[in-house]
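Number of protein chains: 2
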Amino acid sequence: MNGSESNGLDHLFSETVRETMNASVYGAWRSIRDAEAVPLSFGFPYPESFPNEELVSAAESLFEYEGDRALQYGGGEYADALPEVIVERARDRGMDCTTSQIHLTNGATNAIDTACQTFLDPGDTVFVEAPTFMGALRLFRNYGVDIEGCEMDAHGLDVEALADELEAREAAGAALPKLLYTIPNFHNPTGVTLPEDRRERLLELAETYDFLVLEDDPYGQLRYDGAEPPPIRALDGSGRTIRANTFSKTVAPGVRTGWIVAEESFVEQFDRINAGGEPSYTRGLIARYAEDGRLDRAIEELCVGYRERRDRMLESLAERMPPGTTWSEPDGGFFVWLEFPEGIDAEEMLPDAIDEGVTYLPGSFFYADEGGTRNARLSFSHVSPAGIDEGIAALATTVRAEASAVEADD
Amino acid sequence: MNGSESNGLDHLFSETVRETMNASVYGAWRSIRDAEAVPLSFGFPYPESFPNEELVSAAESLFEYEGDRALQYGGGEYADALPEVIVERARDRGMDCTTSQIHLTNGATNAIDTACQTFLDPGDTVFVEAPTFMGALRLFRNYGVDIEGCEMDAHGLDVEALADELEAREAAGAALPKLLYTIPNFHNPTGVTLPEDRRERLLELAETYDFLVLEDDPYGQLRYDGAEPPPIRALDGSGRTIRANTFSKTVAPGVRTGWIVAEESFVEQFDRINAGGEPSYTRGLIARYAEDGRLDRAIEELCVGYRERRDRMLESLAERMPPGTTWSEPDGGFFVWLEFPEGIDAEEMLPDAIDEGVTYLPGSFFYADEGGTRNARLSFSHVSPAGIDEGIAALATTVRAEASAVEADD
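Residue numbers (the numbering used here), protein chains in the order written: chain Z, 1 to 410; chain P, 1 to 410.
Keep in mind that the hints were calculated from the coordinates and are not lab data.
Take the hints with a grain of salt, since some may be wrong.
Note that identical chains are pooled: a pair holds if it fits in a single copy or bridges any two copies.
[As the list claims (entries may be wrong)] Here are the simulated lysine to any residue pairs, SDA-like style, with alpha carbons at most 25 Å apart:
| # | residue 1 | residue 2 |
| --- | --- | --- |
| 1 | Lys178 | Arg18 |
| 2 | Lys178 | Gly8 |
| 3 | Lys178 | Glu160 |
| 4 | Lys178 | Leu12 |
| 5 | Lys178 | Pro122 |
| 6 | Lys178 | Glu165 |
| 7 | Lys178 | Arg91 |
| 8 | Lys178 | Asn7 |
| 9 | Lys178 | His11 |
| 10 | Lys178 | Thr16 |
| 11 | Lys178 | Asp10 |
| 12 | Lys178 | Asp153 |
| 13 | Lys178 | Leu9 |
| 14 | Lys178 | Gly144 |
| 15 | Lys178 | Ser61 |
| 16 | Lys178 | Asp158 |
| 17 | Lys178 | Ser238 |
| 18 | Lys178 | Pro230 |
| 19 | Lys178 | Thr20 |
| 20 | Lys178 | Glu19 |
| 21 | Lys178 | Leu235 |
None of these values were measured; they are calculated from a predicted model.
Work out the full structure, taking the sequences as your base and the hints as a guide.
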């Protein structure tokens, strides 16, 4: 990653870049990405899920309808209408909002970054779930903030532990958070969902201790069981919640179009500092594609495909994994979070797993500091049900061998 | 713009946002955008220039060739190949570079912002041409830097005036620039091109005073007369030049895909902090579209269309404008820069011009501080040659009436 010769100009980097420039975030990814093994590592949608033909026909009809507006600055009627499409869909999920509360972004990553740029100063404190989405950790690090992990349990963020931590910090005169980042639905990497009463309690704490809640919900519509709790943004009467979302998981990653729902006064600043460019053609394409219920039908089909994969992964884990390994049972999303038997280090075991024919992401990747050494994130989104079974079989073999080696050492 | 009620949470914005949040940058744009008049204001490509059908067929063949890779994270072979397409085209323009010196962005705005985020700390000083692209001014303001305008003449940045300014600052212990932003080809808004000897001198100064050069070149390939001077980046042996570019003017604004050419050690940091998301589908589409010389043919056709428009604007100005008005004669790009007779304020005259049937952008929009009150930017890129003539006729009528009123006041 940092292989180039320095050109003697490093002193010109900004302070934050100089402090963080040697952080090699993606080094280990390459070996995982390039492995010849069943990929249970990355949260990629399964190949058959992509609307190739639909996007070609959306392009045709977009050009037919809009002519030379579709590719112009600002785009045509469909690009203009995308915030309305988003507002209607948000209303269906219990959020009463208007287009002046919507800021379009280039995907969820860009949405998180926009919130960072708007609210964070170097030295601020950001609370995240421990573990959390590593891409968000990477972005927060770019802003020179202190990142603190919050305890989680089987129902997500442990809000009472959070309350204790906040109280202790206040009593000690320690830094309170400016912002808390949470993935409330089908959490990445653990798969768990935060119940409504915890969402309410989190908002109480946000008001008491005056911090913002950044609610990241890329997976919320991919639910295979149970009823959806209200979005945190929908429960928030104080306007502190910034909700980030994306079409990457419901249309396709390649279109990289997302949005934020937030207070109008926040959205004005997001718009003002916006520097992502406006890919108006893609926005028009998505709005055209979403018309006539096509996106809703696609989401229904995706849920069928992902449910089958999740079921197969859980069945296969139950059938094949040696005793001592436990895992989460998500109601939706892409991920299952494993805990291996004591003595196993998931990062150290990875090369063996790859040799055996499967990849995963070690749990330590998802922690700001230490943690997750016994954990792994498995993604059931990418491969076929048969492939999932094959991958879990390889993982079970690896864990069994590793556990024997650990026992032999004792 | 800032019409919403405050929600009592403004204290949570970052310091820079709090300092700049009331800057209403785009207020005046609305009246210009929505005017029923010949639009000589914005640098939009002319409607017939867009490759609608070619993009549909590029989408079809992309999906045919790549199948389910085209919409996946990272994209397929064509998205992967876009940096190679850029490298080959850069070599044709005299820049010897490799793909490790290319960072892809979501358009030129995102490229400038990436450079800002990587190099600028609050309180740094940034030099810009006076006048300069207002979108860049907007971005620099987001980073809490001091923006200083540098003198220009008929050949662009006045490098000897710059040398004097730098010397004076050094002698006085005043702040030296961290970065100088320049648009060397067919400058926005003046249309002028910086000669090779000035490019060399600028680089000398950059080395002596240890600053970076941000070379923004969205229009360089749209040349209608004369030979192209080498890119600043190509002349730079010290690695201080960060070159930003975009397909917005050669493919279409709606695709919003751009890139940076810079030292590998810089590109590593751009990649590391990158938060724009990767619109891999659009990238694949452009690489597919650019294949087989199609992009080069499109640029040739664009040059024919724009040359005709530029010629018509210059002819029409010569024929119709009252004495006392002068203008630049660009060899390429989109813009002509006017200076009106003494006593005319271009911003004040704008409503009359709109009533008469034409829009322009007042020169003051392009200055960090004061300046440009007698100037206007006209864009010949957007309307037909006949429309241009109509617009210039309306402008001439407006100026004539305004000049008479000024005289009557004297």
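Results of checking the hints against the structure:
1. In this assembly of identical chains, the alpha carbons of Lys178 and Arg18 lie at most 25 Å apart whether taken from the same copy (23 Å) or from different copies (15 Å).
2. Taking CA atoms no more than 25 Å apart as the test, Lys178 paired with Gly8 passes between copies only; the shortest distance there is 15 Å, against 36 Å inside one copy.
3. Proximity of Lys178 and Glu160 under a CA criterion of 25 Å is satisfied intra-copy only: 19 Å inside one chain copy versus 47 Å between copies.
4. Only between protomers do Lys178 and Leu12 lie at most 25 Å apart by alpha-carbon distance; the minimum there is 7 Å, versus 29 Å within a single protomer.
5. Proximity of Lys178 to Pro122 under the C-alpha cut-off of 25 Å is found in both arrangements, the shortest distances being 11 Å within a copy and 20 Å between copies.
6. Within a single copy, Lys178 and Glu165 get their C-alpha atoms as close as 14 Å, which meets the 25 Å cut-off; across copies the closest is 42 Å, which misses it.
7. Taking the closest pair of Cα atoms, Lys178 and Arg91 never come within 25 Å of each other, the shortest separation being 28 Å inside a single copy and 47 Å across copies.
8. When the C-alpha separation of Lys178 and Asn7 is checked against a cutoff of 25 Å, the pair qualifies only between copies, where the shortest distance is 17 Å, while the shortest distance within a copy is 37 Å.
9. Within a single copy, Lys178 and His11 get their C-alpha atoms only as close as 30 Å, which misses the 25 Å cut-off; across copies the closest is 10 Å, which meets it.
10. In this homomeric assembly, Lys178 and Thr16 come within 25 Å of each other (Cα to Cα) both inside a single copy, at 18 Å, and across copies, at 15 Å.
11. For a Cα distance limit of 25 Å, the shortest separation of Lys178 from Asp10 across copies, 13 Å, qualifies, whereas the shortest one inside one copy, 30 Å, does not.
12. Within a single copy, Lys178 and Asp153 get their C-alpha atoms as close as 23 Å, which meets the 25 Å cut-off; across copies the closest is 48 Å, which misses it.
13. Taking the shortest alpha-carbon separations for Lys178 and Leu9, only the inter-copy value of 12 Å comes in at or below 25 Å, while the best intra-copy value is 33 Å.
14. Both within a single protomer and between protomers do Lys178 and Gly144 lie at most 25 Å apart by alpha-carbon distance, with minima of 13 Å and 20 Å respectively.
15. For the homomeric pair Lys178 and Ser61, neither the shortest alpha-carbon distance inside one copy (46 Å) nor that between copies (48 Å) is at most 25 Å.
16. Proximity of Lys178 and Asp158 under a CA criterion of 25 Å is satisfied intra-copy only: 19 Å inside one chain copy versus 46 Å between copies.
17. Taking the shortest alpha-carbon separations for Lys178 and Ser238, only the intra-copy value of 15 Å comes in at or below 25 Å, while the best inter-copy value is 41 Å.
18. In this assembly of identical chains, the alpha carbons of Lys178 and Pro230 lie at most 25 Å apart only when taken from the same copy (24 Å versus 48 Å across copies).
19. For a Cα distance limit of 25 Å, the shortest separation of Lys178 from Thr20 qualifies both inside one copy, at 21 Å, and across copies, at 20 Å.
20. Taking the shortest Cα distances, Lys178 and Glu19 sit within 25 Å of each other both inside one copy (21 Å) and across copies (18 Å).
21. Taking identical chains as interchangeable, the C-alpha atoms of Lys178 and Leu235 lie at most 25 Å apart only when both belong to the same chain, with a minimum of 20 Å there against 46 Å between chains.
Checked against the numbered hints above, the structure breaks hints 7 and 15 and satisfies the rest.
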